[in-house]
Amino acid sequence: AQRVTQPEKLLSVFKGAPVELKCNYSYSGSPELFWYVQYSRQRLQLLLRHISRESIKGFTADLNKGETSFHLKKPFAQEEDSAMYYCALIPADRGSTLGRLYFGRGTQLTVWP
Amino acid sequence: DAGVIQSPRHEVTEMGQEVTLRCKPISGHNSLFWYRQTMMRGLELLIYFNNNVPIDDSGMPEDRFSAKMPNASFSTLKIQPSEPRDSAVYFCASSFAGYSNQPQHFGDGTRLSIL
Numbered sequence: 001a002q003r004v005t006q007p008e009k010l011l012s013v014f015k016g017a018p019v020e021l022k023c024n025y026s027y028s029g030s031p032e033l034f035w036y037v038q039y040s041r042q043r044l045q046l047l048l049r050h051i052s053r054e055s056i057k058g059f060t061a062d063l064n065k066g067e068t069s070f071h072l073k074k075p076f077a078q079e080e081d082s083a084m085y086y087c088a089l090i091p092a093d094r095g096s097t098l099g100r101l102y103f104g105r106g107t108q109l110t111v112w113p
Numbered sequence: 001d002a003g004v005i006q007s008p009r010h011e012v013t014e015m016g017q018e019v020t021l022r023c024k025p026i027s028g029h030n031s032l033f034w035y036r037q038t039m040m041r042g043l044e045l046l047i048y049f050n051n052n053v054p055i056d057d058s059g060m061p062e063d064r065f066s067a068k069m070p071n072a073s074f075s076t077l078k079i080q081p082s083e084p085r086d087s088a089v090y091f092c093a094s095s096f097a098g099y100s101n102q103p104q105h106f107g108d109g110t111r112l113s114i115l
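Read top to bottom, the protein sequences are chains A and B. Position 15, counted from 1, in the first sequence is what the numbering used here calls 15; the numbers after and before it change by one each time, with no gaps. Position 8, counted from 1, in the second sequence is what the numbering used here calls 8; the numbers after and before it change by one each time, with no gaps.
Hints may be right or wrong, so weigh each one.
[What the hints assert, rightly or not] Short derived list, chain A residues pointing at chain B, Cβ under 7 Å:
no. : residue
1   : 43
2   : 44
3   : 46
4   : 49
5   : 98
6   : 101
7   : 103
8   : 105
These aren't lab readings, by the way, just hints derived from the structure by calculation. Every residue gets a Cβ at the ideal spot worked out from N, C-alpha and C, and that includes glycine.
Please put together the full structure from these sequences, using the hints given.
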């Protein structure tokens, strides 16, 4: 069965420091992986998807199939990055899931001034 | 596109009352998802539909919860009777699921408080 693990419930860094939010997954097939961000009392918004291989708001994430990880990184954190971050997976080679996302439990990032 | 539209944004009601949450998905999307978010349990998938048909309702907590999708542009989540432990933020999301699964787009949520 597919599973997404975010080992850190809370993560705090100072402004300007590098930040890495960890995400590990278990799935035997080919997953599609995403990072969603939720700012305080707002909707979840798509931040990144691995197939796009893009950088959004300075964040990047690389899919490492050997380590089954999709960690989110930013070299210099900003105060406005403070939010809840969710890693999520779609089992892309199983059409029967019909777009269902499997979410991790989320990591609350706080960036101190 | 206006995105996924949920109503109401806030709902405060007394326990025992019926609560109906509404969702309009993005036009052209064929999958719709209802989630509940609480501090204790995080983000939980309650039920999802594809082409207006319920696919998996195993996340619905109990029989007091029901969801319908009468057409491609509208869905409801109903709680009857409501209880204080139902207090949460309820999100609706939609996506296009096909050969290539597209990411889900979320609405702003309904913040529900049961007194």
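Now the hints, each set against the structure:
1. 43: Holds, about 4 Å.
2. 44: With a minimum Cβ separation of about 4 Å from chain B (threshold 7 Å), the hint on residue 44 of chain A holds.
3. 46: holds, 5 Å
4. 49: It holds, given that the least Cβ distance between residue 49 of chain A and chain B is near 6 Å, below 7 Å.
5. 98: Holds - the Cβ of residue 98 of chain A comes within 7 Å of chain B, reaching about 4 Å at its closest.
6. 101: holds, 6 Å
7. 103: Nearest chain B Cβ about 5 Å off; hint holds.
8. 105: holds, 5 Å
Going down the numbered hints, you'll see the structure goes against none, and every one checks out.
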